[in-house]
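Chemist: As a plain string of letters, each chain reads:
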Amino acid sequence: MRRALVLLVSLLSITIFPALAADPPAQPRVTGLWLITEYPSTVAKPGETTTVKLKLQNAGLAPEALALSVANVPQGWKVDILGGGQVVGAAMPAINESVTLNLRLELPANTAPGTYPVTVNAKGATNNAELKLAITVGGDVAAKLSMKTRLPALRGTPKSSFEYTFTVSNDSGKDLVVRFAADGPRGFQPTFTEAFGSNEINQIPIEAGQTKDIKVRVGLPRDVAAGDYTVKVRATAENVTAETPVTLQIVGTPTLRVSGRDGRLSGAAEAGTASPVIMIVSNEGSAVAEDIELTGTMPSGWTVEFEPKLIDKLPPGEKKEVTAQIKPTAKALAGDYIATLRAAAKAGDSASADFRVAVTTSTLWGIVGIGVIAVALLVLVGAVARFGRR
Amino acid sequence: MRREGSPFTGTGAVFAKEYADHLGSARMRVIEALVVIVGVVVVWVAMRDLKDKVTQDQFIFLRLFTYAPESNPVNFAGLLTFLIPLVAIGLGFDAINGEFNRRTMSRVLSQPIYRDALLIGKFLAGLATLATGLIALWLLVMGGGLIVLGVPPSGEEVARGLAFLVIATAYGGVWLAIAMLCSIIFRSAATSALTALGIWLFFSFLWPVIAPAIFDGILPLIAPQRVLAGSATADDVAGLLDVQQLIMRFSPTVVFQEAWLGVFSPDQFTEQQIMRIRLDPRLGHRVIPGSPLSFGQSLLMVWPQFTFMVAGAIVIFTLGYVSFQRQEVRA
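Chains A and B, in that order, are what the protein sequence lines are.
Taking my numbering, the leading residue of the first sequence gets 1, the next gets one more, and so forth.
Taking my numbering, the leading residue of the second sequence gets 1, the next gets one more, and so forth.
Among the clues, some could well be false.
Beta-carbon label-pair distances, calculated as ranges [stated by the list, open to error]: (1) P292(B) x S350(A): 21 to 27 Å; (2) D242(B) x R264(A): 32 to 38 Å; (3) V251(A) x V237(B): 55 to 61 Å.
No wet-lab data here; the hints were simulated from the structure.
Owing to the predicted nature of the structure, the values given are computational and were not obtained by experimental measurement.
Here a beta-carbon is modelled for each residue, glycine too, at the ideal position from N, C-alpha and C.
Let the sequences and hints guide you as you build the complete structure.
Modeler: Structural data, given as structure tokens:
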């Protein structure tokens, strides 16, 4: 089927194209000299400079120097004709070529509103060209901004990064400096960067008619609850505003934290004897943590047992005390050791804390020592009783 | 026939008289001068070095007792290990035979005091004299440290210093008991002094050499079969090391060294512990280095050494007592 279609198209081309080549569209051959502008009627503001783009077109005429002048210039206006960035007094377009010129109008601040006709002349020895322009003063140009985003709704956990890319267009006829801001729930931190840059910005210049891609990253507070949130991203320039809402769909995750009671991350344990160390497992996330397994990394030869061994459920914002029975080896030397206690939920998150366990040695030998002294004293007393003389 | 009253009646009188005699004697002057000069010189050298080298130390005052400069590798506590026996022997070698030689023994015993009181009074007086000297020296070191270092000692440092004083006194008690035993056994003061010094030399210098030899000798008897076969486990080696250390500990000098190292080095493992960890690295696993032991733990660590010295002094004193009681005292 497709092959048949291709065949048909190629047959058609063969029959049609030679016909086109043989009979080009009739173009009227005109000769002459013209001063052209795309917009003969423009708007200017008092106290500002307006530039009008001109083109001096030579069609089929011999080149000659054409003196440029501006007539009907209102009182106080400063008018220059620029070519190639410099003030020029004459132009000379080649045959069938054009010269680009700029008419710069500097209007005094007290120019009255109204429409002013200005005539630009190009005078040569044989040919003349004239262009009548209408400059309207007073009609203010309204700035106009628009912004849109391709992905206005994102989904993620409180730890993921919510990044939205916006295209901001300056639809007005002049350059604007656009400021950015975002309104969101309390604690939401918007950061603006260029789409492919890392510099933080809060305003950016956009030329007339141009667009810029802006990235906004929304930072979330740690304890944000699961749910849908809307952040309004705003672009403001002069007195216009463009606004687009973006949606953050936050899925809850458990965030575990392990700490000691009263923040104390230390405990003491006697060598060879199990001693309790209280650890507190808290869920600071936004979803229930399930099946939290408790483990510990101990100095070698040590054992640790948890009571309870497993936490079934820990809702967000709640904490649970766990007793870790830490038992150093009987041979452990007195000193401070690191014991790492860890809590890991079945779905992802885990947390750990380093506890400092001071190992104390048994006081048994101290008592034995006292016993030894007591025995020695008993021997002495016995000797006194046995060998005492009158 | 049962005797009447306490055997220790008159101990106070003997103690007071002996103590006064000791403090006033020319021998005491010499001992004092020796102790003070040597102590001050060593501590002064240590302090001068410490000030230059140590910038921050939690136990700077304890370093005064244990720091040995490279130019002069003797620290204060190590020096006391040798000085205390000398002083104790000096105080005790003629305690009993001196009385016999001056023919004053029968005169003393004709007073209403028992021999028990005489012996214990003399022992306690010697110990008190030794303690007086040690306290003076200790205050000298602490005061000098205050002036030179310009920081006050912490409460724990003072407590550890005091513990050292007590341990050093117990160590002196052992040597005093040995010296008095010699003075009871030998009638000649010179023989007594020589014998006591001989014992001191033996235990201070010869025993550390002899003990390993003894250990090597008994090794085939005590070692498990697999050690002799050349496949010793860390536990075996640790156990055998304990035996070797046990033999070493027959010397009071070794015991005293272990004790003051334990008291003065709260922030580092003692040599023996370091050796243990080297043998069995599992013991040093996840240890927080440089974390100081609490004072109580340090005391617990040196408690066996301390009780050994106290009990040893009592036992040696008892031997002397028995021997003295069996002697004949003639007018």
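Chemist: Now tell me, hint by hint, if it's right for this structure.
Modeler: Hint by hint, here is what the structure shows:
no.	hint	verdict
1	P292(B) x S350(A): 21 to 27 Å	violated (33 Å)
2	D242(B) x R264(A): 32 to 38 Å	holds (36 Å)
3	V251(A) x V237(B): 55 to 61 Å	holds (58 Å)
Taken one by one, the earlier hints fail for this structure only at number 1.
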